[in-house]
Amino acid sequence: MNKSFWFLVGSLVGVALWLAAGEGALLGFQQAVPGYRWEFPRDHGAHPGFQTEWWYYTGHLHAAPGRTFGYQLTFFRHRLDRPGLSLNPSQWFADQLYLAHMAITDEARQRFVYGEKRNRAALGVAGAAEGRYHVWNEDWLAQRLGRHHFLQGAIPGYELRLVLTPLKPLVLHGEGGLSRKGAGKGQASYYYSFTRLYTEGVLRTEEGVFDVSGLSWMDHEFGSTQLSEEQVGWDWFSVQLDNHHELMLYHIRRRDGSLDAASSGTLVRPDGSAVPLRRDDFRVEAHERWRSPKSGAVYPQRWTLYVPRFDVVLHLEPVLAEQELITDSSTLITYWEGRVRVRGRFQGQETQGAGYVELTGYAHPVRL
Amino acid sequence: MWALWRLISLPHVRQHRGRVVLAAAGIALGVAVFVAVRVTNVSTLRAFARTVDAIAGRASLEITGYGAPIDERLLTVVRRTPGVAAAAPLVLADVLVQEAEGAPLLVAGIDLVTDRAVRDYTFAWQETDRRDPLALLTQPDALVLSTRFARRYGLRLGDPVHVHTAQGTRRLVVRGLLRPTGAAEALGGHFAVMDIAAAQLLFHRLGRLDRIDVVPQAGFPLDALQAALQQRLGPGVQVRRPQARNRTVEKMLRSFHVNLTALSLIALIVGLFLIYNSTTSAVVQRRRELGILRALGVARRRLRRLILGEALLLGAVGSVAGVGLGLLLARLALWLVAPAITALFLREHLDRLVLTPGTALAGVALGLGTTLGAAAWPVREALRVAPLDALQQRGVYTPRQAPVWPVTLVGLGLLAAAYGLSQLPPLGEVALFGYLACLALVLGLSCLVPLLLRALGVARPLLLRGGGVEGLLALDNLRYALRRTTVATAALLTSFAMMISVAIMIQSFKRTVYTWVEQTLRADLLVHQASPGGERSGLSLPHALRDELLRLDGVRDVDSARALDITYRGDPVLLVAVDFDVYARYGTYPFAAGDPQAAMRQVLEAQAVLVSENFSRRYRLGVGDTLVLPTPRGPQRFAIAGVVIDYSSERGTITMNRRTYVAFWDDPQVDAFGVFVAPGADLDEVAQRIQRHFAGRYPLYVLTRGKFKERVLELVAQPFWVTYALEIIAIAVALLGVTTALSAAILERTRELGVLRAVGATRQRLARMVLLEGGLMGVVGGSSGLVAGFFLALILIYVINRQVFGWTLQLTVPGWFAAAAFVLLVAATLAASWRPAQQAARVPVVEAIQYE
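Chain order of the listed sequences is A and B. Counting from 1 along the first sequence, just add 1143 to a position and that's the residue number in the numbering used here. Counting from 1 along the second sequence, just add 1 to a position and that's the residue number in the numbering used here.
Extracted from the complex, chain B is given alone in its bound form (with noise of 0.2 Å):
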C-alpha cells in the first residue's frame, strides 16, 4: 500500500499543491465555522453557570423579586424558617468604570459582617496580617475590587474611582483587594464588593434587597424548603435554586445557536462540493495511471482504498486544522462580537473558550463524513472503467445523450418535498421542517440543472449567430457532459442562492424595521445615558429627570421607555413599559390585530398591555384574552387590548402604560427618555442643552430620531456581516469548482480537441469555447440561483423566522443588488474558466490524435 501511495499519491499532491490545500480548506471551513459555533455557545453558558456558582456561594437557593428588588424585612421571615442555615442579603448593581476605560463591574453590596456564612472571600491582604475588613463599614466610599480588575485596569488600593451607575456618576475609593477566589471569580473578576448599608444608599435601594441566598441546614429537603419559602413569602418573589437562571440563558441563546449550527451546515456543504470536485480531478487525471495498475493486477479493492485513503487524509487534515479555525473563528467572533452581546445580553464577561472532547470529535466526525460521502461518487466511477478502456483515455467522458428525466422526476420530488415542508409547524422552539424545507429546495433546484442544460438547446440559434461553431460546440459540450457540468454548475447554483436569499432576507428586515421604527418613535431626540467613551452604555436613568428635562428649553414634551426582561410560563420574555399618557398624543402603534383607538384607551385607562405579534403566536394568544404575569405584588391579570408589530424582541414583547407598570413594579428608572422639541426650535441645540444641564451628574447620550434610525439599521445588519463573508467564500469555492470541472473535462476531451484542431479550429476559437462554457454555466447557476435564493427567502422569512421569532418580515427584494451579483457571477466564472481555455488552446494536435 506504502509503494502504491508513494507512486500514484505523493506525486499527484506534490504537483496539484494548490488543489489539494483548497480541498483540505473547504472542509476546514466547514468545520470550523461549526466548531467555532458549538465553543461560542457552549463557552457561554459555561461561563455564565460559573458566575452564577461563584456568586451564590454555598447558597442552594435565592430569592428575587419579579424585575424588582424586594422587602428587606423578607430577610427576617426567610431567616426564622425552619431548616435555614443562614441567609445573606445582596444589592446587584452594573456600573460602569470610568478610571478602568468604562469596562462594566457588578458590584455585589454584601453584608461584609454575616457574607462569610455564604460566600468565600480572600481579602488580598489578609495573607499578611489580620486586619479585619469590617473596618470598610465605616467608610462609605469603600470599593473592594478583585486583583484581577485592578490589575488589568492598573488600579492600587487607595485610588479612587468614579463609577457610572443608573442614579448617576459617583466617586469611590478602593479601599480593598479581593484574591481571585470564590465570588471574586464572576464575570472574569469584572466583580467587587461593597458593604451593604453604603450600596443601599449609592444605588436606591433603601429598605430592598435585590436577592437574598439562603443555605439551608446540612441534610434539610431542599425541595420542602424552597416549597416552606415560598408559601411564608408569598407570591410576590421567587424563590428558586441558582442554577435555574442557567436554564433561562440557554433559551435565550438557544435560537441563536440554532441559526448558527444551520449557516455551518451550509458551510459544509461547499466544503463537500470542494472534495467531490478535487476528487473527480485527482481521479481523472491519473486515470492512465490507474488503468495502469489495474493492469498490472493491482486489485480494484485496493485502489479504492488508496484513492479513499487520499481523500479521508485530506479530510482529516481539513477537519483537525477546522477545529483549530473554530477556535480561532470563536476568539475573533468573541472579541467583534461579544461585547455587545455578553454585557448587555447575558452581562457575562467570557474569557475562557471551552473547546469539550465532544464538539472537537463531532467536528471532526462532520468533516471526514462530508468528505467520505463526497469522493465516494467519483471514485466509484473512476474504477468502473476498464483498464484498456482507461490506457486509451476513453471512457467516462462519452459524449451520448443520457436520460436526465430521472434526476428530474426526483428533482420535481424534492421540490414538492420543500413545499410540503415548509408547511410544517416547528419542532418545539427549532425550526427543523424549514431548514430541511431549504435542503430541499437546493438540492431539488440542482436536480433540475441537468434539464436546464439539455433545455439550452433551444439557444442554438442565438448561439449560433453570437458565438459561431464554437458556440454550438460548448453549449453541446454542456448539454451531454451533464455528469462532470451538473455538480459545477449546481455548486454554482446553491452558493449564489444563499447569498442572495440572505440579501433578500436582510433588506426585508431592515426595510421592516425602519418602517417599524418610522412608525412608532416620535420623539425628536431619544436619550440614553452615556458609557465613559461616549456610546450607549445600557444603563438606566432615574424617571424623575424627566421633571428636569421638561423644564428646560426648547422642550415640549417627554417621555420615556422601560424594558424588563421577566418570565411569562418560565420563559424569558420583554416588558416594555411606555409613557402612553405622553405617547398617545403624538401616534400610534401599528396594530396586528384589535381597534386601535379602542386599544390605546384600554390600555390608558384599564389593566390592559399591548402584545406583539411574535407573543401572539407564540402563545396562542390574542385581543381579548388575558394574561396573568408574576409582579412584585404577586401574580396579576392584564387583558390583551391589542396585538402589535413590534421588533424589538425575538422572544416576544409585552407593553404597558408606564402608570400601570410602576403601580406593580415599582420601579423608579426608564431605559431611554424621548424628547419632543418645541416647534421651531434646534434639534442639535436642544441636544447639547441637556447634555449640558446634566453634565457632571449623568454622562447623557442624545441621539436624533434619524440619527438613531441609521443606529438601528446598522444593528439589524449588524449579526449578517459573518454570513455575508461565508457566502462569498462558499461562492469562490464554487468558482473554482467550475475551474476544476472544465480543466478535467478538457483533459478527458484531449483527443475530440485535438480532432477539432487537426481539422482546422484555432486555438483562440478553441479557448472561446471553453470560455463559453463556463459563461453558459455561470448564466444557468446564476439565473436559477435566483430564482432558488428567491423562494429560499421565502423560506426563510414565512417559514423560519416567524417559526422562530414569530416575526412577520414585509418581503423587499434588492433588485439592484441581485442583478449586479448575477452579472458579477457570470463575469467571475468567465474569470475562472480562463485557465481551462488556455489549457484547451495548448493543446498537442499530434499526441492529442495518436490513439486514433
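Looking at chain A on its own, in the form it has when it is part of the complex (with noise of 0.2 Å):
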C-alpha cells in the first residue's frame, strides 16, 4: 500500500473528532468500498465526496555537472463537512480545503528546504478539477496534458517545471485498487500509482537555472477513514530500480510496537504487471536511528528490505538525514520524507536504483 492516505486524515484530527462527535459521524463522506469501477481520466481527477485525497510525486532529478536533486511535490484536498447545512452564498463559503508541500533535496549542498501551502477554494486560488486531471494551489499546480504530467511548484531558492511521462501504465494497488488500513470496516482508500514517469524540466535555484531528467512516481489516493486507536502512523517505501523493477512497501505500526496485519505492498514487474505482497511477503529491519533537533522525533534510519517471495535484499541509505517536514501551516504534522539511495541483490543479480521513504508518527501519533 501507500504512503499518506491516513497522513491527511490524521492531521485534520481535529475535524474528525469533531465528526465524531457529532451525529451521522462519518456517514456523511462516500467510503471506499470493494468493486469500484475505475475509469480513466475521470478517475485522475478530484472525488470531492471522499472526506480525503491526494495526489502525489517524488522524483530524483539529475542536472548536467553532476548534480542530483530529490523532490516532493504534493497536493492534498480535505473535505470539512456535508455541503448544504447552511448555505452561505459567500465565495468564502468552503467545505473543501486544499493543502500542499513540496520539499527539495539538493544533495550536493547537503540541504532540504520544504514549503506548505494552505487555501480554500475562494477567488479560485486553490482547487481541484472533477473529470480530469487539474489540480493547482496559489502558484504550484499538477496538470494532465494528453499522456503527460506537468508539474509547476516554487519553495525559496528553488523553483520547479516539470513535464511527466509515464514509462509504465498505472497500477492499482491491493485488491483492484482498494488499498486496506485496518480491519475495520471501511478502513481502506482507493490508490493507483504511476511508479515509473520519465522526467524532464527545469529547476531554477539561487546558483542559477538548471536541466533537469530523471524518474518520478506518482500516487493518487482518496477515502475517508482514519487510523484506528491502535495506529499511530506509517512507514512507506518506494524503490525504482535499474532492472525496471519497482517496489512499495507500506508500514502501519501500531501502538505496542508491532506491524499491522493491513500493511501491504507491490511489486510492480518491467511489464508493467503488479505483484501485491502481503505483511507476511516482506520485511523490513532498520540499523540506525536520527533525532531531529528541530522536533525532537527519532527517526529509524538505513533500513534492508527483504521480500523472500522474489529473493530480493534491498539497503536503503538517506542522502541525507534532515529531511523532516514540519507542517505547522497546513497539515500539522510532523514527518519524514526524503531521498534514498538504494542497492542490492535482486534474483541473485546486484542491483541498484533510487527511492523515497515517508516516516509518520514519530513526533506525535498521528492522531490523538
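What the hints contain is simulated information worked out from the structure, not anything from laboratory work. Just so it is clear, the structure is predicted and the values come from calculations on it, not from any experiment. The C-beta atom is built at its ideal place from N, Cα and C for all residues, glycine as well. Be aware that one or more of the hints could be misleading.
Not close to chain B: a few residues of chain A, all C-beta gaps over 10 Å, as computed [to be verified]:
#, residue
1, S1233
2, A1237
3, G1270
4, H1388
5, D1414
6, V1456
7, L1463
8, R1484
Incomplete in silico selection of chain B near chain A, CB under 10 Å [said to hold, decoys possible]:
#, residue
9, R80
10, Q201
11, R206
12, L207
Label-pair ranges, simulated between beta-carbon atoms [as the list claims (entries may be wrong)]:
#, chain 1, residue 1, chain 2, residue 2, range
13, B, D667, A, A1297, 43 to 53 Å
14, B, A696, A, P1232, 26 to 36 Å
15, A, D1282, B, R248, 54 to 64 Å
16, B, E715, A, P1232, 24 to 34 Å
17, A, D1282, B, D667, 29 to 39 Å
Reconstruct the complex from the two isolated chains, following the hints.
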C-alpha cells in the first residue's frame, strides 16, 4: 500500500473528532469499498465526495554537472463537512480545503528545503477539477496534458517546472485499487500509482537554472477513513530499480510496536504487471536512528528490505538525515520524507536504484 | 545651612502647616492637570497604535476603500502583484455583546485557512491538543473570543452570545478562545475573530472586504510596491501603511489636546499666585528672625538660598505629588469621559496609562519653574530691607504714595498687544496667538489694578458715609499698599475672569447649537439603534428599514442621516448624507452663503454638496467652488452649492443628498432615521409602535425632538464640567490669597493698628476696617474680572474657536449667572477676610506701640 493516505486524515484530527462527536459521524462521506469501477481519465481528477484525497509526486532529478536533487510535490484535498446544511452565498464559504507540500533535497549542498500551502477555493486560489486532472494551489500546479503530467511549484530558492511521461501504465494497489488500512469496515482507500515516470524540466535555483531529467513516482489516493486507536503511524517505501522493477511497501505501526496486519506492498515488473504483497511477504529492518533537532522525534534510518518470495534484499541509505517536514501552516503534521539511495540483490543479481521513504507518527501519533 | 534650616524653616513650616500644604497643593494642581492631559493623550495614541500594529500583524501595507468596503476580487490582483508575499482579506465589524454588559467588540472576519501568513493567533486549546481551528469553518455561528474578553465577562466555550450589529441582533456561539498575544491584544482584548465566509454573510459584506492586508516579500522596496498596487487597483481604493492611520488619529486629537494643555497652564497660574502669597507671608512673618540673622552676620546670599530653597522644596513636593495626582486625574478622566471618546470617536479601549519620563520631567520642570518665578520677587523684597528696620518691624509696608503710572503704561501696552495678537491668524492649526492674547489681556488688566485701587479715592464720600472713619482707613490702606493688595486683587480678577469667560462661552455654545438644532431638526422622532443598556449605541441601521417605518401607523414620512469619516486633503472631515428628497419638504438649512432655494435645488438635482462654515473657512472654499473627494468610484468632483451653519464636526462637514452619496459610496446603512409623525398622532405612541415593530431584530432608541435637543445641550456642556471644577478651585485659591495678603498686612501694620487702638479705635471698628478692605478687594477684583471675562470670552469665541474649529458662536452673556457670581465672589471675599479681621482686633496695644 502507500503512504500518506492516513496522513491527512490523521493530520486534521480536529475535524475528524468534531465529526465523530457530531451526529452521523463519518456517514456524510463516501466510503472506499470493494467493487469500485475505475474509469480514466475521470479518476485522475478529484473525488470531492471522499473526505481526503491526494496527488503525491516524488522523484530524482539529475542535472549536467553531476548534480542530483530529490523532490516531493504533494497536493491534498480535504473535505470538512457535508455541504448544504447552512448555505452561504459567500465566495469564501467552503467545505473543501486544499493543502500542498513541496520539498527539495539538494544533495550537493546537503540541503533540504520545504514549503507548504493551505487555501480554500475562494477566488479560484486553489482547487481540484472533477473528471479531468487539474489540481492547483496558488502558483503550484499538477495537470495532465495528453499522456504527460505537468508540474509546477516553488519554495524559497527553488522553482520547479517538470513534464512527466509514464514509462509504464498505472498500477492499482491492493484488491483492484482498494488498499486496506485496517481491519475495520471502510478502513480503506482507493489507491493507484504511476511507478515510473520519465521526468524532464527545469529547476531554477539561486545558483542558476538547471536542466534536469530523471524518474518520478506518482500516487493518487482517496478515501474517508482514519487510523484506528491502535495505529500510531506508518512507514512507506518506494523503490525504483535500474532493472526496471519498482517496489512499494506500506507499514502501519501499532501502538505496541508491532506491525499492523493491514500493512502491504506492491511489486511492479518491467512489463508493468503488478504483484500485491501481503504483510508476511516482506520484512523491514532499520539499522540506525536519527533524532531531529527541530521536533525531537527519533526516526529510523538505513533500512534493509527483504522480500523473500522474490529473493529481494535491498539496502536503503538516506542521502541526508535532515529531510523532515514540520507543517504547522497546513496539515499540522510532522513527518520525514526523504530521498534514499538503493543497492542490493534482486533474484541473485546486483542491482541499484533510488527511492523515497516516508515516516509518520514519530513526533506525535497521527491522531489523538 | 542645616542649622539655619532647623532654626528658621522647620518651626515656620510647623506653625503654618496649612498654608504650606496649600501652596504645595496649588503647584500640584497645575502640574496634575498638565500631566493628566499629556498622559491621556499619549496613552490614547499608544493604545491606538498598539491596536493598529496588533491587527496589522506582519502586514506593511493595507488596502481599504474610501469609507466603503472593496470588491473581494481585488484580492486576486493584489496576490498577483510582484513583491507580494501574502495578502489576507479582512471583514471588520463593531458589535455590542449583550452577555458582556453590552461591551463593544471588534469582530474580524478572517480567512482562517490562510490568515496566519499575516497575523499570529494562538488558540487557547492549542497548548493541550492539536485540534485544528479550521473545524470552525463549517460552523457559521462560531465566534472566537480573546481570553481576556471572555474572562472579563465570564464567558466560556460553548456559551451562546447575542451580538448587536449594524445588521440586527444575531446569536453566535463562543467556539474558541484566543490567547492574549498578537492580534488578540487589539483594543485591550475587545477583539474576536470568525471565519470570513460567516462574517460576510452576517455583516452584509458578500463579495466585499473591508481591508486587504499585504505582507511584502522580504527585501522588496515598500514604496515601489505601494505605488504598483495603487496603480493596479485604481483610484477607488487606497493603499497605505497601517501606521498612516495613527497620524489621522493624532490630527483628530490635536485640537482637543491643545485646548486642554492651555487649560493646564491657567491652572498653573493659580499655583503661581499661591506660591507667591505663601512665600511673601513666609518672608513677612519671619522678618524679625531674618533681621536678627542678618544682624548676626549671616550673609544675605545664604538667607536667599534658604528661603528660595524652602520654596523650591515646596515646589518639588508639589510637582512630584502633581505627577502622581495627574495619573489619578487621567484615570478618573478616562473613567468618566473615555467611554464616550474612546468607544465612539476612536473605537479604542484604553486600559493602560502611559507616563513617559518626558511627561513626568516636563511636569516637574513646569512646577519648579513656576515656583522659582513666583518666589523670586518676595525674596528679593525681603532681603532688601535693612537689618535694623527689620528688627524694628519697619520697612516693607510704608504708606507712601508710589507712582502707579509705570505699571499702568505696561498694562495698556499689554492690552494693546492683546488686541494685536487677537487679530493674527493661527499658527498652523493652533490658535497660539489667541492664547497669548488671553494671557496679555489678563496680565494687562492685572496691571491696571493699581490704578483702579488708587482711583477708589473717588469713593471716599461714599465710604465715609457708609463706613465711617474705618471705611476711609480701609480705602487708604488699599490705595497706598498697592504692592500687596494688587497681587491678591489680580489673582481674584484672573480666576473670576476665567470663570466668567467660560460661562459666556458655554452659554453661547449652547444657545448657538440649540438654535441650529432647532432650525435643522425637522423630524418629530429620531430613531437610532439602542445598546443592550438601552442607550444610543452608535451602531448604524440598514436604510432598507425606512420602508417598514413608512408603513407604520402614524408615520407620515421618514428621512435619514448617515455620517462617515472621510479624508479631505489628508485631513479627517465628516461626510453627512441626508435624504434631502424628504427633508426639503419640511425645512431648509441655515445658510451662511449661497441662495438657499437654488442651493437646495442643486443639491437635489446635481452632483453638488453643502459645506459647513468651518469647512469653508479652513479650506478657503465657497459657493461655486468645486471639491474633489476620494470615493469608492475614484475621485469625484462635487460643486459647492452653499455654505451652511453646521456644528456636527469641529473638523468640517460636507453634506450631500443620500441619492448622490449612494451613487458613489454604495452604502446601505444610515446612522439615524427622522420620523415625521402624522398630524394628530401621539408621539409616544408612535415611538413605542416603532420599537415594538422591530423588537427582536433591531433594538431601537427613539427620542422625541424635544428630548433630543436636551441631550444635545447636555452633550455640548459635558466637556466643560472639568473646566468648571478647575475654575472653582482657582477662585478658592485666589480667596486664600486675599486672606494671606490681609493677614500679612496686619502683621506689618501691627504698630499702626496699635496706635489706632491707643487713640481710641475699638476692636470692632478695626475688624470692620479689615473686612471693608477685603470687601473692596472683592469688588475691584470682581468687577474688573467681569470686564476681563467678557473680553476673554470675545477672544475665546471670535478668535480661538474660530481658528481652531472654524465656528462662529452667537455671543450670549449669561447675565444672571454673572451677577450672582459677582455677589457670591464679594461675599466670599468678605468671608475670607474674617480671620484677618479677628487678627487685627486682637492686636495687643502695648506691645504694638512699644517700638515707638
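Each hint, compared with the structure:
no. : hint                           : verdict
1   : S1233                          : violated (4 Å)
2   : A1237                          : violated (6 Å)
3   : G1270                          : holds (13 Å)
4   : H1388                          : holds (39 Å)
5   : D1414                          : holds (44 Å)
6   : V1456                          : holds (39 Å)
7   : L1463                          : holds (26 Å)
8   : R1484                          : holds (34 Å)
9   : R80                            : holds (7 Å)
10  : Q201                           : holds (4 Å)
11  : R206                           : holds (9 Å)
12  : L207                           : holds (6 Å)
13  : B/D667 <-> A/A1297: 43 to 53 Å : violated (38 Å)
14  : B/A696 <-> A/P1232: 26 to 36 Å : holds (28 Å)
15  : A/D1282 <-> B/R248: 54 to 64 Å : violated (36 Å)
16  : B/E715 <-> A/P1232: 24 to 34 Å : violated (45 Å)
17  : A/D1282 <-> B/D667: 29 to 39 Å : holds (33 Å)
Hint compliance for this structure: hints 1, 2, 13, 15 and 16 are not met, and every other hint is.
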